[in-house]
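A.B. asks: Please take these sequences and the hints and turn them into a complete structure.
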Amino acid sequence: MSAETEIKVAEKKPWEPKIIAFFCNWCTYTAADLAGVSRLKHAPNVRVIRIMCSGRVDPQFILQAFASGADGVLIGGCHPGDCHYSEGNYKLLRRFRLLRRMLGSMGIEPDRCRLEWISASEGDKVKTVINDMVEKVRNLGPLSIPGHLIELSNKELGIKETEILREEAVAHAG
Amino acid sequence: MKYLYYPGCSLKCTGRAYEESLLAVFKALKIDYTEIEDWNCCGATAYMAVDEVNAFSIAARNLALAEKQFEKEEEIQVIAPCAACYMVLIKTMKYLNESPALKEKTVHALKEAGLNFTGRVKVRHPLDVLINDIGIEAIAKAKKHPLKGIKVASYYGCQTVRPYSTFDDQRDPQTMDNLVKALGAEPVDWPLKTRCCGGSLTGTVAEVGLPLSYILLKEAARHGADVVVTACPLCQFNLECYQTDINKKFNEDINLPVMYFSQLMGLAMDIPQKELGMQRLFVKPEKVLKTVKGGEPAYV
Amino acid sequence: MDKTIESKKFAPGSNGGSIRRTIKYENELDKNFAKKIADIAHGEAMYNCIQCGTCSATCPVSHYMDFTPRKIIAMVREGFKDEVLSSSTVWMCASCYSCTVECPKEIKITDVMYALKREAIAGGYYPKHFPTPALATSFFDQVKKNGRSSEGPLLVKVFLKTNPFKMFGNALLGWKLWKTGRMSMKSEKIKDRKGFAKLLNGLDKVKEVAVK
Amino acid sequence: MSSTNGNGSPRIGFYVCHCGHNIASVVNVEEVQKFVATLPGVIVSRDYKYMCSDPGQELIQNDIKEFKLNRIVVASCSPLLHEHTFRVAAEKGGLNPYYFHMINIRENVSWVNTDKVMATEKAKDLARAGIQRVFFHKPLIKKEVPINPAVMIVGGGIAGIHAALTIANAGKRVYLVEREATIGGHMAMFDKTFPTLDCAACILTPKMSAVKNNPNITLWTYAEVEKVEGFVGSYKATVRHKPRYIKEDLCVGCMDCIDACIYKEAKYPDEFNQGLSMRKPVYIPFPQATPQVVLVDPETCIDFKSRRCKKTCIEACDRDAIDLHQIDTYEEIEVGTIILSTGFKPFDAKRAPQYGYGKHQNVFTALEVERLVNASGPTNGEVLTRDGKKPKSVGIIHCVGSRDAKTNKWCSRVCCMYSLKLAHLIKEHTDAEVYNFYIDMRTPGKGYEEFYDKLLKEGVHFIRGRVAEVTDWALMPEEKDRLTIRVEDTLIGTVRRIPVDMVVLATGLVPRDDAQEIRRMFNISCSNEGFFLERHPKLAPVSTFTDGIFIAGACQGPKDIPDSVAQAGAAAAEALSLICAGKIELEPNTAQIIEKDCSGCKSCIPLCPYSAITFKDDIQKAYINEALCKGCGTCVAACPSGSIIQNLFEDEEIFSEIDGLLKFAGLETGALCSTEMEVQ
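Protein chains in written order, with this note's numbering: chain A, 1 to 174; chain B, 1 to 300; chain C, 1 to 212; chain D, 1 to 680.
What the hints contain is simulated information worked out from the structure, not anything from laboratory work.
Hints should not be assumed to be uniformly reliable.
Chain A is faced by these chain D residues, among others (derived, beta-carbon under 10 Å) [claimed, not checked]:
hint : residue
1    : Leu-81
2    : Trp-111
3    : Leu-126
4    : Tyr-610
5    : Thr-614
6    : Ile-658
7    : Asp-659
8    : Leu-661
9    : Leu-662
We put the beta carbon where it would ideally sit given N, CA and C, even for glycine.
C.D. replies: Structure representation (structure tokens):
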């Protein structure tokens with residue numbers, strides 16, 4: 001299947017929320033593994049990126065995710081006081097509060113960016129949090145910042161979207 | 001604090017003495033209450049057995065009426081003295097709040113009757129109100145005749161403490177015992193405080209119900225109780241009114257007075273016996289009446 | 001299909017005479033019974049039952065039941081619909097909630113009993129001359145009509161339905177109650193009976209919707 | 001162009017694993033494989049039944065050689081499981097292991113998603129993200145830290161004792177820290193042990209004195225760990241020695257002081273005997289206590305209350321071992337590894353009020369009965385009720401606190417067996433009628449079922465049913481002045497009331513009250529019910545998520561003696577394997593400063609919990625001491641000038657992952673965020 005056809009498929013597909021998750025290696029990622037081992041079924045809309053500590057989450061990551069078309073961003077870290085690196089999760093919390101406000105001013109609903117403390121033993125919490133968030137985001141509908149930007153740029157450049165896509169595709173065929 | 005008062009069917013009929021004495025005590029303690037206007041039956045245990053949604057809805061009607069009557073109140077305090085009503089109303093609150101589907105159905109139906117239910121009601125048992133709002137000290141102060149040397153077996157029955165009420169321990173409740181202490185009497189520590197009296201079975205399936213009531217009376221007597229106090233019209237009815245049948249069936253001669261805690265309070269607080277419905281009792285609490293100053297015979 | 005015929009062949013009476021058959025064939029079970037009861041009894045927890053018997057032991061009347069509450073749960077789960085619904089157990093339950101409080105798996109057993117009562121009445125299973133269902137139904141009708149229950153008329157009705165002779169046994173009691181003003185034969189009624197009827201009709205509508 | 005990290009433009013090998021049906025049954029692996037084949041930089045794309053198998057790994061190695069691959073991406077299970085396996089494979093193939101990246105499509109996809117189309121799309125996104133990520137991977141050198149050969153063991157029960165002896169016998173230094181005044185733990189309180197019925201003391205005390213006499217073991221009783229710092233290989237622990245008001249080195253346990261105590265007879269409840277007997281303010285926990293040293297209890301000693309005691313004990317001690325002015329002393333030790341064997345706590349029977357413990361005097365806990373049947377116990381081995389009578393019938397109630405949503409959901413595993421043991425001992429001592437009330441009889445273990453058979457033959461009653469209540473309410477004449485047990489005999493289907501003279505509550509095992517503080521101190525996790533969490537339930541049962549910290553015995557979950565000892569051995573072996581290796585390899589995921597970009601704002605310095613970041617005043621730049629850095633990346637995220645990078649988690653690596661995950665997300669986003677992906 002070439003990138004081109006894949007684009008067409010993508011276009012036909014009904015909208016499904018896409019959520020990027022940053023899970024810390026020691027608590028939440030392990031909990032996600034536990035959820036897997038215990039076969040706790042949940043919504044397939046979340047893509048997990050593994051990091052060592054939630055403290056590593058750079059606000060830029062979250063902004064980039066939204067800019068690249070994510071409909072939501074989920075961050076999972078150890079419970080306060082349980083951080084494997086003693087206080088990375090606190091450091092994140094501080095940043096997160098600021099970022100939340102900033103996102104608000106950008107018109108991005110708070111439910112689209114969520115921080116959860118999930119310990120290594122809380123596989124069931126992974127399930128409930130993911131399902132809950134997917135539902136909330138589904139109700140909010142697509143964010144599709146890039147979509148808007150593309151439309152914008154198209155108006156400016158006055159070229160048809162498909163052409164852009166073709167260029168893209170060619171680029172990717174490598 | 002202002003309270004709404006939900007009597008329930010029994011307190012208008014077999015349990016009249018409960019209502020009379022309780023309201024008399026409320027007056028004496030200056031508890032500000034008004035009766036819910038045009039309240040209907042809570043559904044009791046029997047209704048649940050035929051149709052659940054209906055059962056919850058008719059119970060909810062009373063809560064809705066309460067909300068209508070006290071629309072300004074943030075949280076509406078409804079006093080339900082009858083154990084069955086109390087439990088049913090709490091259960092209704094709990095289930096409606098836990099199941100949105102159920103709530104939706106009910107609210108819809110209430111709208112048909114021009115009512116609405118938001119869930120601002122807090123259902124209270126008089127014991128809860130007396131102990132936690134009025135306070136043991138106030139009650140102790142209010143008593144005129146300490147019930148010295150009277151041994152009282154507090155019988156809570158089932159639905160006053162089980163399964164949803166939270167104001168007392170479900171296995172070994174204490175509120176009524178504390179109340180009794182406050183009145184100067186001596187509570188007896190007996191194991192069957194919360195054991196079922198047979199409920200409606202005593203009337204309908206005597207061969208099952210009577211033994212249960214019998215066991216309770218027997219055990220209370222064995223622990224030297226002079227009087228049993230209850231907070232439930234059905235318990236009082238079963239334990240008192242069936243004593244003749246019980247004596248016949250088990251060839252005993254039990255003659256143990258069974259009265260409402262509110263009647264005992266009233267006597268200690270020197271409220272005239274007529275106002276406490278003492279004349280409605282089958283078994284006269286002789287010993288209590290003697291200790292109460294000027295204890296003339298209760299009923300003709 | 002022929003399975004059914006077969007099991008009929010073995011059925012008591014047909015050839016066994018007074019001998020009671022206890023074997024159970026799969027085709028005699030109702031596979032959806034458990035789910036149905038679990039749904040209408042808020043009883044998903046019913047599946048957690050480990051058959052420990054706490055409910056039966058804590059129940060004040062279990063020794064009068066033909067099946068103990070524990071057994072009922074087991075039978076419901078396995079789909080012994082007929083046995084369960086025609087058993088005396090559910091009508092013995094005095095709703096004292098001891099089982100519900102003591103159950104180590106937090107099964108709302110009293111609610112399960114209610115659900116079974118409803119099923120039994122709906123399916124016309126319950127023993128006709130057994131007073132408790134009669135009480136329940138008469139009570140239901142009365143409240144439906146008047147919005148309130150009146151113990152006097154109610155008891156009369158129940159006894160007429162079940163066993164009129166019982167009433168004479170209770171005549172003395174009735175008289176005493178009447179004498180002490182604790183019993184009247186007039187029916188209590190609420191004022192807004194129209195609204196009350198609307199309420200119940202409203203419910204029927206909702207239910208129809210639910211059915212559709 | 002960052003896609004050439006030292007070894008030419010990326011030539012990626014991609015491998016997606018079926019994992020039997022585990023992945024293939026939900027994810028269309030072939031589709032994933034075909035899709036990845038179309039991505040830039042991918043030279044080889046394969047799917048294979050079991051990538052972790054030897055042939056699977058050889059596949060990678062051969063491809064590296066044949067196609068000159070310089071990046072490897074494997075989509076299979078969780079990296080926590082097999083990342084190491086595949087890194088080694090890549091290394092064997094002649095590649096720096098950190099050119100490898102692993103994608104989790106089992107735990108994160110096939111095991112948790114059901115919709116095959118969506119799952120396959122998800123797997124593709126993850127694969128694309130992985131492919132884009134490895135573009136930016138760099139060769140890294142593994143970080144090695146030396147292992148301090150000393151071990152600290154916390155908790156001197158049977159598990160701690162066994163672990164200590166195992167390690168000490170291997171010639172390594174062990175610090176055994178015990179909170180109580182003696183080692184031995186719960187096992188020391190037991191009379192006999194199931195199923196062999198050999199006496200607990202007879203098999204335990206030799207091990208206890210072995211600990212005392214082993215030159216490699218430093219035994220600290222009546223001491224608690226206060227603080228733990230550092231990391232695998234070099235932990236620093238602060239231990240507090242609580243004052244026992246006796247100079248341990250001088251006391252020989254002659255007990256003259258006890259006889260001399262101003263209190264002529266003992267009048268304070270004896271902890272070791274569960275308060276069934278009395279002791280004096282100066283006492284020794286039990287005859288075989290190790291170390292054989294007395295202690296003074298300030299709560300009950302007159303001198304501490306009034307300071308006006310004749311101090312007869314001091315006069316009596318000819319070795320001047322008594323010092324009533326002792327205070328806390330602290331000691332710091334350095335160890336490489338730590339074993340936690342802090343044990344359990346018996347369930348508090350008062351939390352099951354229906355059984356009337358504390359209300360009816362003849363309701364006992366199992367541990368109390370262990371002391372009663374013990375020859376050196378409060379009754380010298382006679383089983384007597386609290387009113388001093390020999391019981392004619394005894395009821396043993398199983399599962400007290402266990403298998404109950406209101407208290408402990410779990411099965412405590414040991415109660416069935418110890419109840420059988422107690423049933424046997426009680427019958428032996430009193431010849432009473434013994435009733436066992438059980439929900440399910442659980443006897444898994446060597447010789448356990450046989451023990452059950454033996455009990456059945458001995459004529460002990462077994463009634464299947466959970467007791468609803470124990471009451472003193474007599475309904476029948478035979479119940480008068482006795483305790484009546486109300487239960488449904490579920491096998492017969494009728495309710496029974498059984499009067500007994502003595503009730504024994506088989507209380508379950510629960511985590512210790514301070515389990516949460518302990519786990520915080522040692523930076524490990526607890527599972528939901530509060531026991532310490534093992535790294536993997538099957539494959540790493542004594543390891544934790546913190547390297548170099550191991551767990552053994554009932555602190556990890558209810559366990560009987562054989563299992564505790566087995567775990568202790570395992571934990572000891574894990575510690576020794578680290579010690580023998582002498583060093584441990586750590587993830588090279590540390591952070592470093594790009595000096596030219598550092599603005600010297602110092603904002604990173606306070607963020608580091610390990611104070612690994614210092615400030616070079618001469619050049620006005622921050623500096624990260626790699627040896628101290630644990631690689632959390634907090635400073636990286638916080639650096640305003642982006643002048644800190646974290647190995648394995650560089651910004652480009654994560655950005656490219658985000659980008660890869662979202663390509664064609666809903667609407668096409670390529671125009672906006674294709675990081676320089678084109679391959680030169």
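A.B. asks: Decide, hint by hint, whether the structure agrees.
C.D. replies: Against the structure, the hints:
{"no.": "1", "hint": "Leu-81", "verdict": "8 Å, holds"}
{"no.": "2", "hint": "Trp-111", "verdict": "4 Å, holds"}
{"no.": "3", "hint": "Leu-126", "verdict": "6 Å, holds"}
{"no.": "4", "hint": "Tyr-610", "verdict": "8 Å, holds"}
{"no.": "5", "hint": "Thr-614", "verdict": "18 Å, violated"}
{"no.": "6", "hint": "Ile-658", "verdict": "5 Å, holds"}
{"no.": "7", "hint": "Asp-659", "verdict": "6 Å, holds"}
{"no.": "8", "hint": "Leu-661", "verdict": "5 Å, holds"}
{"no.": "9", "hint": "Leu-662", "verdict": "4 Å, holds"}
The structure is inconsistent with hint 5 alone, although it conforms to all the rest.
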